[in-house]
Amino acid sequence: MSGDTARIERAGPEEITPGERDSYLTHETGILSWLLTEDHKRIALLYMFGVTIFFFIGGAAAVVMRLELFTPGSDVVEPDTYNRMFTLHGIVMVWFFLVPLIPNTLGNFLLPLMIGARDVAFPRINLASWYLFMTAGMLLIYAWIAGGVDTGWTFYTPYSTAFANSHVVMAALAVIIAGFSSIATGVNFIATTHMLRAPGMTWFRLPLFVWAIYGTSLVMVLATPVLAASLLLIAAEHALGLPVFDPARGGDPVLFQHIFWFYSHPAVYIMILPSFGVISEIVTCFARRRVFGYNFMVYAILWIAVVGFLVWGHHMFVAGQSLYASLVFSFLSFVIAVPSAIKVFNWSFTLYRGQITFEPPMLYALGFIGLFTIGGLTGLWVAAVPVDVHVTDTYFVVAHFHFIMVGGAVTAFYGGLTFWWPKITGRLYPMGWARFAAVLMFFGFFFTFFPMFIMGYLGMPRRYQVYPEEFHVWHVMASSGAVLLAVAYLLPMGFLGLSILRGARAGDNPWDATGLEWCTSSPPPRENFRTPPVVRERPYLYHPDAIGPGHETREPHRRQGQQS
Amino acid sequence: MRGVLTLPAASEQAGVVDSIVLGLLVISILIVLLVTALIVGFSVRYRRGSPAPRGPLPSFARRDLEMSYVAGTALMALFLFIWAAVTLVSLGQPVRNAVEIHVEAKQWMWKTRHPNGAREINELHLPVGEDIRLVMTSQDVIHSFFVPAFRVKMDVLPGRFTEIRLRAIQTGDFVLRCAEYCGTLHARMTGRVVVMDPGPFARWLAAQPQADDIAKEGEALFVGFGCAGCHTPGSSVHAPDLRGIYGRPVHLSDTRVVQADEAYIRDSILQPRHDIVAGYAPIMPSFSGLVSDADLERLVAYVRSLREGSGP
Amino acid sequence: MSVSGTAEALHEPWRSLRRQREGTSFGTWVFLGSELMMFGGLVLIYAVNRALHPDAFTAGGRETSLIYGTVNTAVLLTSSLTMAVGSEAARAGLRRLALRTLLATIALGCTFLAVKGFEYNEDIAKGMIPGPGFPLEEPAAQIFWALYWIMTALHALHLTVGIGLVSIFTYQYWKLERLHQSPAFEGTALYWHLVDIIWIFLYPLFYLMGRS
Chain A
1 MSGDTARIER
11 AGPEEITPGE
21 RDSYLTHETG
31 ILSWLLTEDH
41 KRIALLYMFG
51 VTIFFFIGGA
61 AAVVMRLELF
71 TPGSDVVEPD
81 TYNRMFTLHG
91 IVMVWFFLVP
101 LIPNTLGNFL
111 LPLMIGARDV
121 AFPRINLASW
131 YLFMTAGMLL
141 IYAWIAGGVD
151 TGWTFYTPYS
161 TAFANSHVVM
171 AALAVIIAGF
181 SSIATGVNFI
191 ATTHMLRAPG
201 MTWFRLPLFV
211 WAIYGTSLVM
221 VLATPVLAAS
231 LLLIAAEHAL
241 GLPVFDPARG
251 GDPVLFQHIF
261 WFYSHPAVYI
271 MILPSFGVIS
281 EIVTCFARRR
291 VFGYNFMVYA
301 ILWIAVVGFL
311 VWGHHMFVAG
321 QSLYASLVFS
331 FLSFVIAVPS
341 AIKVFNWSFT
351 LYRGQITFEP
361 PMLYALGFIG
371 LFTIGGLTGL
381 WVAAVPVDVH
391 VTDTYFVVAH
401 FHFIMVGGAV
411 TAFYGGLTFW
421 WPKITGRLYP
431 MGWARFAAVL
441 MFFGFFFTFF
451 PMFIMGYLGM
461 PRRYQVYPEE
471 FHVWHVMASS
481 GAVLLAVAYL
491 LPMGFLGLSI
501 LRGARAGDNP
511 WDATGLEWCT
521 SSPPPRENFR
531 TPPVVRERPY
541 LYHPDAIGPG
551 HETREPHRRQ
561 GQQS
Chain B
1001 MRGVLTLPAA
1011 SEQAGVVDSI
1021 VLGLLVISIL
1031 IVLLVTALIV
1041 GFSVRYRRGS
1051 PAPRGPLPSF
1061 ARRDLEMSYV
1071 AGTALMALFL
1081 FIWAAVTLVS
1091 LGQPVRNAVE
1101 IHVEAKQWMW
1111 KTRHPNGARE
1121 INELHLPVGE
1131 DIRLVMTSQD
1141 VIHSFFVPAF
1151 RVKMDVLPGR
1161 FTEIRLRAIQ
1171 TGDFVLRCAE
1181 YCGTLHARMT
1191 GRVVVMDPGP
1201 FARWLAAQPQ
1211 ADDIAKEGEA
1221 LFVGFGCAGC
1231 HTPGSSVHAP
1241 DLRGIYGRPV
1251 HLSDTRVVQA
1261 DEAYIRDSIL
1271 QPRHDIVAGY
1281 APIMPSFSGL
1291 VSDADLERLV
1301 AYVRSLREGS
1311 GP
Chain C
2001 MSVSGTAEAL
2011 HEPWRSLRRQ
2021 REGTSFGTWV
2031 FLGSELMMFG
2041 GLVLIYAVNR
2051 ALHPDAFTAG
2061 GRETSLIYGT
2071 VNTAVLLTSS
2081 LTMAVGSEAA
2091 RAGLRRLALR
2101 TLLATIALGC
2111 TFLAVKGFEY
2121 NEDIAKGMIP
2131 GPGFPLEEPA
2141 AQIFWALYWI
2151 MTALHALHLT
2161 VGIGLVSIFT
2171 YQYWKLERLH
2181 QSPAFEGTAL
2191 YWHLVDIIWI
2201 FLYPLFYLMG
2211 RS
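Protein sequence lines, in the order shown, are assigned to chains A, B and C. Take the first sequence: its position 437, counting from 1, is numbered 437 in the working numbering, and each next residue is one higher. Take the second sequence: its position 254, counting from 1, is numbered 1254 in the working numbering, and each next residue is one higher. Take the third sequence: its position 34, counting from 1, is numbered 2034 in the working numbering, and each next residue is one higher.
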């Protein structure tokens, strides 16, 4: 362990003479140079700032909820307040945290670097995306201060249109505007990937992180507009009495559910696909192996993106949907389990005959694989209609999606953050603390959310502030685990933040990884590459094609990009 | 109090659902163990500096291995789908002569009504071992009728009827919970289902204060709204005979055949031009806006009660 | 390659103006895809409700102002023509033709909005606002009219944005602040045609119901 650190730290000072070259961080100074920047790397940091704020807001709502649920009775907040808390938690965590999390922070920073470009296709639209995002967030915060929304993040009608006397319209508008931000980002990334790849960077030489962001962007562009349509109708019905889903006038409230879930199911793939890309980058680097089955990994991403549009009805098995529709959606939901399984096995086999080390990013990645596997397997449970009839709308489903969204996506984000932190900031951080945080996150998460599977099966419904005594022990377990989890989330903020002030300087490539982003300085210059790269190879060239890594020592490997 | 990890399997379908759950649990545990073994095993064996042999992957490991687990995963997914689908279809088979109980949900209570008119609030007494059909609607927002011990759940919608078919196989008290968020007191919208042996149930039912049988009220409305003017055998207007119609297939003018269930009867009153019976002219006026939901319930109950050869 | 003082020079990260044009065109097409999904979702909701309530929708459709709607269709289609000519003329460097047709586009667009304003006025005077006092007796006719208001208003909003964009770019072109080769004209033209196509769908849905 100390050998690793010593090796990395030794690599630092010799390669960089501080102050000799400026980076994107020092290129311009002043607050306006940040607020009016067109540099994708700075925009990534602006987003990092934004999502961190929203993480704390959504997290605060979760804290209130878990405090309340520590005991069966109602003792912390009023019922209406609790309802506003779980709504706030859902809306903020879905649209203001998870959807932009990896794409707009790591994606923004890395996509141009990984393909050898100088920036994204439309830098000014990139900045506009951030302003749309922050404006939407301000509107949502205002809606909260003004009293909040209590419809649940799913805005089901007729409750949201005719019965809720909370700030439905403002919250819906905030989400719509955040959706526009998402669409703009998606358009930008798709155009970037198509049109700005460096010479020689063909589609099947792209790193899997780029493929993952690309697939995510396709889903963002095609699914989010439907959300805008559905929420627009909710707002119009609530504010102006324009009936579309009103059963008294012949409207169908279940139609709202169809339109809502047509977006919201692909949305969950928006939230998880980028994580797949992050894990592929990390596992290959720390196993020192090419990814196992690169082509299948690409097809799996595209398969998930496409089939993800066809499974929305599995949220509506008990909504009054016809038997035949349920059968079709159930079948397709089982089909979509296959590409995820392919990915898990491919990551596992990437370790085979590797030279594995356990740096913090690798610990996060391995934790991801475990938690994602469990979450994904319970997807099979809820895809089986008779089982779903029992467990839907209970804590079982809550556990299922938190395993994937939090055990998966958030863990992957922390893995990516610790992996690319030296590139983004030019600093290293203490490996010991980082490893501890990764392990703590895994166990804290498990302790928080695994009991929810059990109590869900036993009949504990969602969105309940009070519950019978028989569920008390599970809730205590969950609330206690949440404390560990919170510490695990805060710790990295601490040591990463400190590293900016006191961390050792990082070299170009502290992990000795193969991607194009490691071919430039840490942090990169404003224009990303001092000499534009030319690509002649496939990615992950950790060892020659027909031969695995050698016995003991880390071997010199070829980088994908050569400076031209 | 039952054990902390057990949930009664108090309905016929509960056992079936639990067996699928058990199957899924076994498969899930096996896969988790497999993935854990691979990850932990490879991590230990191939940690940097370990003496395990490296070198090129055997070629089978690249091609056939990948295809084999793609195929394996797909087959397992297909197997699970078929198991679940067959179960779903068999649970959804219509059952003749089920006892129909009407459930109405409103913020934040459950109102139930037995065929003889007996009403309950936040409670539902059922006889054990008999086929039950719950016909449910909501007065306001979407709720969901959830009895964990029965493994049944179905959303209850305004403006529509949804159904649950069940047969209780254990006596006892089982909790009923609302499972679709419906506002302030959603968490307190609970009730209980009391399953009794046939004898005690019959005594209980007989002891309930009888509301007017809603079908009788429906008969009065049938005459009052003028339905009897066309839908009686002696009428000069050519209109379908409603006797014995309930639960039977109906041939429509566009060659479809539909089941004459509650929804069909309700739609025929509100949107008569929608599904025209074959051989009849589309001349029935719409009663949409004229008939309240409560009246509708009574009219439907009346039509339901009409047997062949009976009539007003 | 850059030209001083212009609003649309070669822009980072593009290396050539030709590539930048291609990129802008590509990006605009992708964006149009997203717009189609949004209006498509609304059309789907219309379609489902129409299937559930054919009579009510027919009754509701008889009350829209066929004359205003048809005039507007002609206006918008013509504006698409002038926009296409304007964008191609700009690209070819035919400055006068481009400016005239672009101005015509703006004028036609504003005409559409004006006619829409008169139409909305008439609709309100007839009381076609869903709620108590709605003149038609079929309840679902209110759903038709709710969708009418929402979808035509959303379309008008998109048209207004289009008019704004064309105005800004035309002004900049006139003032020689924007090069004629700028990708903005083609992008805006594509957007304008989308707004036109959406109207071509809205017209039969709202104006030709019950009028055959």
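Treat the hints as calculated values from the structure; they're not laboratory data. Predicted, not measured: the structure shown is a model, and the values here were computed from it. Do not rely on the hints blindly, as some may be mistaken.
Stated by the list, open to error - Sample of chain B residues facing chain A (criterion: CB under 8 Å; computed from the structure): (1) LEU1007; (2) PRO1008; (3) VAL1016; (4) VAL1017; (5) VAL1026; (6) SER1028; (7) VAL1070; (8) THR1162; (9) LEU1185; (10) TRP1204; (11) ALA1207; (12) GLN1208.
As the list claims (entries may be wrong) - Result set (SDA-like, lysine to any residue): computed pairs, CA atoms no more than 25 Å apart in a straight line: (13) B:LYS1106 / B:VAL1089; (14) B:LYS1216 / A:SER322; (15) B:LYS1111 / A:ALA239; (16) B:LYS1106 / A:LEU255; (17) B:LYS1111 / A:ALA162; (18) B:LYS1111 / B:PRO1200; (19) B:LYS1111 / A:LEU240; (20) B:LYS1216 / A:PHE163; (21) C:LYS2175 / C:LYS2126; (22) C:LYS2116 / A:LEU240; (23) B:LYS1106 / A:ALA337; (24) C:LYS2126 / B:ALA1118; (25) B:LYS1106 / A:THR154; (26) B:LYS1216 / A:GLN321; (27) C:LYS2126 / A:ALA239; (28) B:LYS1106 / A:PRO79; (29) B:LYS1216 / A:ALA239; (30) C:LYS2126 / B:PRO1200; (31) B:LYS1216 / A:MET316; (32) C:LYS2126 / A:GLU527; (33) B:LYS1111 / A:ALA248; (34) B:LYS1106 / A:ARG124; (35) B:LYS1111 / A:ARG124; (36) C:LYS2175 / A:ARG124; (37) B:LYS1106 / B:ARG1273; (38) C:LYS2126 / C:PRO2204; (39) B:LYS1106 / B:ASP1173; (40) B:LYS1106 / C:PRO2204.
Where a beta carbon is used, it is the ideal one built from N, C-alpha and C, also for glycine.
Going down the list of hints, with the structure as the test:
1. Interface restraint check for LEU1007 (chain B): the shortest CB-CB distance to chain A comes to about 5 Å, inside 8 Å, so the restraint holds.
2. Taking 8 Å as the C-beta contact cut-off toward chain A, the hint placing PRO1008 (chain B) at the interface is violated, the least distance being around 10 Å.
3. Annotation: interface hint on VAL1016 (chain B) holds; nearest CB of chain A at approximately 7 Å, less than 8 Å.
4. Against a cut-off of 8 Å between C-beta atoms, the interface hint on VAL1017 (chain B) holds, since the closest Cβ of chain A lies about 5 Å away.
5. Checking VAL1026 (chain B) against chain A by beta carbon gives a least distance of about 11 Å; that is not within 8 Å, so the hint is violated.
6. For SER1028 (chain B), the interface hint holds, the least distance from its beta-carbon to any beta-carbon of chain A being 4 Å, beneath 8 Å.
7. This hint holds: VAL1070 (chain B) has a C-beta 6 Å from the nearest C-beta of chain A, less than the 8 Å allowed.
8. Interface hint at THR1162 (chain B): satisfied, since its Cβ lies 5 Å from the closest Cβ of chain A, which is below the 8 Å cut-off.
9. Look at LEU1185 (chain B): its Cβ gets to within about 6 Å of chain A, closer than 8 Å, so that hint holds up.
10. With a cut of 8 Å, the hint placing TRP1204 (chain B) at the interface with chain A is violated, because the nearest CB-to-CB distance is about 25 Å.
11. Given hint, ALA1207 (chain B) at the interface with chain A, is violated; its Cβ is 29 Å from that chain's nearest Cβ, farther than 8 Å.
12. Interface hint at GLN1208 (chain B): violated, since its Cβ lies 28 Å from the closest Cβ of chain A, which is beyond the 8 Å cut-off.
13. A threshold of 25 Å between alpha carbons decides the hint, and for LYS1106 (chain B) with VAL1089 (chain B) the separation of about 30 Å lies outside it, so the pair is violated.
14. Proposed proximity of LYS1216 (chain B) and SER322 (chain A) is contradicted: the alpha carbons are some 32 Å apart, above 25 Å.
15. Only pairs whose Cα atoms come within 25 Å are accepted, and LYS1111 (chain B) paired with ALA239 (chain A) is rejected, the gap being roughly 31 Å.
16. Of the supplied pair hints, the one linking LYS1106 (chain B) and LEU255 (chain A) holds, its CA atoms being roughly 21 Å apart against a limit of 25 Å.
17. Between LYS1111 (chain B) and ALA162 (chain A) the alpha-carbon distance is near 22 Å, which keeps this suggested pair within the 25 Å criterion.
18. Note on LYS1111 (chain B) and PRO1200 (chain B): the hinted pairing holds, with a Cα-Cα distance of about 22 Å set against a maximum of 25 Å.
19. For the hint linking LYS1111 (chain B) to LEU240 (chain A), the alpha-carbon distance of about 32 Å lies beyond 25 Å, and the restraint is violated.
20. Using a Cα cut-off of 25 Å, the hinted pair LYS1216 (chain B) and PHE163 (chain A) is violated, with the two alpha carbons roughly 34 Å apart.
21. As the CA atoms of LYS2175 (chain C) and LYS2126 (chain C) are separated by approximately 46 Å, the hinted pair breaks the 25 Å bound.
22. Taken as a hint, the LYS2116 (chain C) and LEU240 (chain A) pair is honoured in the structure, with Cα atoms around 20 Å apart against an allowance of 25 Å.
23. At roughly 38 Å between alpha-carbon atoms, LYS1106 (chain B) and ALA337 (chain A) are farther apart than 25 Å, so this suggested pair is violated.
24. About 49 Å separates the Cα atoms of LYS2126 (chain C) and ALA1118 (chain B), which puts this hinted pair outside 25 Å; it is violated.
25. For the given pair, LYS1106 (chain B) sits about 20 Å from THR154 (chain A) by alpha-carbon distance, which is consistent with the 25 Å threshold.
26. Distance check on the hinted pair: LYS1216 (chain B) and GLN321 (chain A) sit about 32 Å apart at the alpha-carbon level, beyond 25 Å; violated.
27. Distance hint between LYS2126 (chain C) and ALA239 (chain A) is fulfilled; the C-alpha atoms sit about 22 Å from each other, no more than 25 Å.
28. Pair hint LYS1106 (chain B) plus PRO79 (chain A) holds up; C-alpha atoms about 18 Å apart against a cutoff of 25 Å.
29. Simply put, LYS1216 (chain B) and ALA239 (chain A) have alpha-carbon atoms about 42 Å apart, too far for the 25 Å limit, and the pair is violated.
30. As the CA atoms of LYS2126 (chain C) and PRO1200 (chain B) are separated by approximately 63 Å, the hinted pair breaks the 25 Å bound.
31. Distance restraint check for LYS1216 (chain B) and MET316 (chain A): the Cα-Cα separation of roughly 37 Å exceeds the 25 Å cut-off, and the hinted pair is therefore not satisfied.
32. Taking the CA atoms of LYS2126 (chain C) and GLU527 (chain A), the gap is near 61 Å; set against the 25 Å cutoff, the hint is violated.
33. A hinted pair counts as satisfied when its Cα atoms are at most 25 Å apart, and LYS1111 (chain B) with ALA248 (chain A) qualifies at roughly 20 Å.
34. Proposed proximity of LYS1106 (chain B) and ARG124 (chain A) is contradicted: the alpha carbons are some 51 Å apart, above 25 Å.
35. In summary, the hint linking LYS1111 (chain B) to ARG124 (chain A) is not supported, as the alpha carbons are separated by about 59 Å, beyond the 25 Å threshold.
36. Between LYS2175 (chain C) and ARG124 (chain A), the direct Cα distance comes to roughly 23 Å. Compliance with the 25 Å bound is thereby established for this hinted pair.
37. At roughly 31 Å between alpha-carbon atoms, LYS1106 (chain B) and ARG1273 (chain B) are farther apart than 25 Å, so this suggested pair is violated.
38. The straight-line distance between the Cα atoms of LYS2126 (chain C) and PRO2204 (chain C) is roughly 21 Å, inside the 25 Å bound, and the hint therefore holds.
39. Note on LYS1106 (chain B) and ASP1173 (chain B): the hinted pairing holds, with a Cα-Cα distance of about 22 Å set against a maximum of 25 Å.
40. Proposed proximity of LYS1106 (chain B) and PRO2204 (chain C) is contradicted: the alpha carbons are some 40 Å apart, above 25 Å.
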